[in-house]
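Protein chains in written order, with my numbering: chain Y, 1 to 252; chain X, 1001 to 1362.
Just so you know, the hints here were simulated from the structure itself, not pulled from any lab data.
Each hint should be verified, as a subset may be incorrect.
The calculated SDA-like cross-link candidates involving lysine to any residue, where the alpha carbons are at most 25 Å apart (straight line), are [to be verified]:
no. : chain 1 : residue 1 : chain 2 : residue 2
1   : X       : K1246     : Y       : N179
2   : X       : K1246     : X       : N1233
3   : Y       : K71       : X       : D1243
4   : X       : K1246     : X       : E1232
5   : Y       : K71       : X       : L1145
6   : Y       : K225      : Y       : D196
7   : Y       : K140      : X       : L1145
8   : Y       : K140      : X       : N1233
9   : X       : K1246     : Y       : D66
10  : Y       : K140      : X       : H1041
11  : Y       : K71       : X       : Q1189
12  : Y       : K140      : X       : N1035
13  : X       : K1246     : Y       : K140
14  : Y       : K140      : Y       : E65
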Amino acid sequence: MTLLEVDHLTKHFGGLVAVDDLSFSVDEGEIVGLIGPNGSGKTTVFNCIMSTYIASEGEIRFDGEDVTSEKTHGVVNHGLSRVSQESNPINLLSVGGNIKLFMLPNSFLACALPDAVLARRSDGGPGVVDHAERVGLEDKIEETPDSLPHADVRRLEIAKALATDPDMLLLDEPFAGMNQAEIRTLSEQIEQFREDGISMVVVDHNMRGLMQLVDRVVVISSGQKLAEGPPEEIVENQDVQDAYLAGEHGGI
Amino acid sequence: MKGTLRSALLPVWNVLCMLLAPLDRALQPIANVYNRTLGGHFGEMNGLQFAVISLGFAAIATVPFWSPFYSETLNITFAVASIWAIFAMSWDIQSGYTGYISFGHSVLSGAAGYTIGLLILHYDPSMGPATTIPVAVLASLVLGLVIAVPSLRLRGPYFSLITLVGVLLFTNLIFAFSGWTNGELGIHQVDPFTYEPWVRYYYMAIPMLLVALGLIYISRSNVGMVLVTIRENERAVSSAGLDPTKFKISSFVLSSIPMGIGGALLVYYGRAINPTSFVEISNSIEIIAIAVIGGMGSVVGPLFGSFLFFFLEEEFLRDVIGDSSLRTLVLWLFVLSVLVFARNGVFRVIWHGLGAVRGDSE
């Protein structure tokens, strides 16, 4: 079943066309790679899906519902959650507090209730510790984000996104700045999220790290779809190789 | 400069720590009882912090008994401080927490005040506080919604500008309809709660303490966490699936309820209502100054700030400096120096100091 449908999406900023008539879809349980050279519009696509930007044209449907003009928090409550390229934890709150924020109900009055009451309402659903465990942060719940190493901050970003109980995760360059061991651990965790029933779109600027992970790849260049297919096929694709060579981005 | 000040004070600090650390340790068991029971709702404390807070509240609760030993006017000063503490805490739960600074909070207390004044003047002079105060608080709440809904849909400085224009507009409305409102002279037909000064103190202090408890609870709940996140990173709130607009409007409306209570108390305290002491923008600025010297974004800070501000203005500086304009100047220089040297507020400096006597943190 199709979960996310991006339908003829166009986004322009003044005269600049960042995303140009792009269409793709993601099925339930699928992990799709969205790749393209730097500046090809990948993050803009995410921004449009999450309503950080308003799409100039086209439609975005999630789980059968039109979410094109939904506000960001509404999109999240539909079951979509994004892990941004840049980390932005709240340093005034602990790691646990940062995760908890993402678990809160969208209601002022419900937020004023004591935690014990909230926990009873959620009927034994996952707690802060459970979300931290999924990314291996369970020992750092009391720490503040600014005392964590880079890879842990990135993990916290993923834990926050998971805490909204999403059906689909949008991961924007999740492996950036990580070493080989960290990339391997994260890939395993991402596999586990899929087992847990979360579909994913993973953005990266090359295929490194994505080959084993994704079922399908969508390549965009200058905001347009260049190719789509299984990863093995995409690596061989001549158009894709040309686009990467022309942009001097060091190959796919 | 700050560094040298800090290193100059370091020996003093070390001696203080040496003296206070055993006391803190001795008090810890009592604080632990509190931490286990209510700490989850109102914040955990160490021994000294718990002792200072308890003594502080005990002192506020017994002002009429000990104030004559300091001065005859102290209980009047602290009655006024109680009312302004309500204003400053109300301002804080909205502006201090969300970072959307309101320059027009006096409009909310003014709405409550004028509701009472107009009811007594034009509707029924015999109306007592039991009827007028609920209506007055409702009026603040409605005005809060009227201001919040259009202005807090926008991000950034527009909210502050709208509150600024709002307070000017409201002030001018009073003058424009002076046939109804008595303009600059105000409305004087209000009977006080009581003429007994020490009873009057409790009429101001008890509601203040109740408002404080309520707002401290809310600020320590998840609501406080969301409001602080709005200040730190509004987009993060959206990403968490929470509607920032809804939380901003709710915090403003929440803030307008105690503003209404404070406004009503001020009417019955001063037995009068006029633009100068209620609505004009200088009142809003004073609310902000009180919150700032105490410490924005802490609720208890502004409470402390109000007692400090009025103690300095009406008692301490009055004894030291005869000239009233010079006194005001010194007071505002003090506010400025808090902003420069302790921008998180005097209360936070003391509080974190108490928390660190055993070297737990900085």
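task: Would you check the hint for K1246/X and E1232/X, treating anything up to 25 Å between C-alpha atoms as holding?
output: 17 Å, holds
### Query
Taking 25 Å as the top limit, are the C-alpha atoms of K71/Y and Q1189/X close enough?
51 Å, violated
K140/Y and N1233/X: Cα distance at most 25 Å?
Satisfied, since the Cα-Cα distance of roughly 22 Å is no more than 25 Å.
- Has the given pair, K140/Y with H1041/X, been kept, meaning a C-alpha gap of at most 25 Å? 23 Å, holds
ask   = Taken at face value, is the distance from the CA of K140/Y to the CA of K1246/X at most 25 Å?
value = 32 Å, violated
Q: Could you grab the alpha-carbon distance between K225/Y and D196/Y and see if it respects the 25 Å cut-off?
A: 30 Å, violated
- Are the Cα atoms of K140/Y and L1145/X separated by 25 Å or less? 41 Å, violated
Starting from K1246/X, check that the Cα of N179/Y is at most 25 Å away, please.
41 Å, violated
Need the status of pair K1246/X, N1233/X: alpha-carbon distance at most 25 Å?
16 Å, holds
Q.
Just to be careful, I want the Cα atoms of K140/Y and E65/Y compared with a cutoff of 25 Å; is the pair within it?
A. Given that 25 Å is the threshold and the Cα spacing comes to 38 Å, the pair is violated.
ask   = Given the hint that K140/Y pairs with N1035/X, does the C-alpha gap stay at or below 25 Å?
value = 23 Å, holds
request  = Would you check the hint for K71/Y and D1243/X, treating anything up to 25 Å between C-alpha atoms as holding?
outcome  = OK: K71/Y and D1243/X at ~9 Å, within 25 Å.
The structure shown violates the earlier hints numbered 1, 6, 7, 11, 13, 14.
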